[in-house]
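> Sequence:
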Amino acid sequence: MKRKEVRWDYLTLEDVHDDLFHCSVTPETTIVSKEEISLIHSIIKSLPEKRRNVLMLIKYHGLKNKEVAEILGVSVKTVDNHLAAAIRDVLEALQKQDIDSGSRMRLISWLL
Numbered sequence: 001m002k003r004k005e006v007r008w009d010y011l012t013l014e015d016v017h018d019d020l021f022h023c024s025v026t027p028e029t030t031i032v033s034k035e036e037i038s039l040i041h042s043i044i045k046s047l048p049e050k051r052r053n054v055l056m057l058i059k060y061h062g063l064k065n066k067e068v069a070e071i072l073g074v075s076v077k078t079v080d081n082h083l084a085a086a087i088r089d090v091l092e093a094l095q096k097q098d099i100d101s102g103s104r105m106r107l108i109s110w111l112l
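Residues in the sequence shown are numbered from 1 upward in steps of one, following the numbering used here.
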């Protein structure tokens, strides 16, 4: 199978903002605050490129791990590893932040 070419410049942090702003944590639909959005933007932006790309393709675009593997021309195991590392990095970054537990849980719920 030939590796597909992927362009990443079309995904902006504003796209992530729109997704997070309407993030549903509970059936009552909790709105994420501007501060939380800014925080998750900066954390995602700081991830290594491969981890960030895998996280965004799966969590933001809703692709399956197998689809991401095909797009990136890597194995599903590699996608799994990048996703796990990205989630770990984001969780560690959230633990270092001075935010209330409710905010932290909303962001973790979106991530997982």
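Any given hint could be a false lead.
[As the list claims (entries may be wrong)] Have a look at the derived ranges for each label pair, beta carbon to beta carbon:
hint, residue 1, residue 2, range
1, Asp80, Lys45, 34 to 40 angstroms
2, Lys77, Ser101, 32 to 38 angstroms
3, Ile108, Asp80, 33 to 39 angstroms
4, Ser101, Thr78, 31 to 37 angstroms
5, Ser38, Lys64, 16 to 22 angstroms
6, Lys45, Ile108, 17 to 23 angstroms
7, Asp98, Glu70, 36 to 42 angstroms
8, Gln95, Lys34, 17 to 23 angstroms
9, Ser42, Gly102, 17 to 23 angstroms
10, Asn81, Ser38, 25 to 31 angstroms
11, Gln97, Gly73, 33 to 39 angstroms
12, Asp100, Ser46, 18 to 24 angstroms
13, His61, Glu92, 36 to 42 angstroms
14, Lys45, Ala84, 33 to 39 angstroms
[Said to hold, decoys possible] For lysine to aspartate or glutamate, the following EDC-like pairs were computed, each having C-alpha atoms within a straight-line distance of at most 16 angstroms:
hint, residue 1, residue 2
15, Lys34, Asp100
16, Lys64, Asp80
17, Lys50, Asp100
18, Lys45, Asp80
19, Lys50, Glu70
20, Lys59, Asp89
No lab work stands behind these hints: they were computed from the structure.
Using N, Cα and C, we set each Cβ at its ideal position, and we do this for glycine too.
> Checked against the structure, which of the hints given earlier come out wrong?
1, 3, 5, 13, 14, 17 and 18
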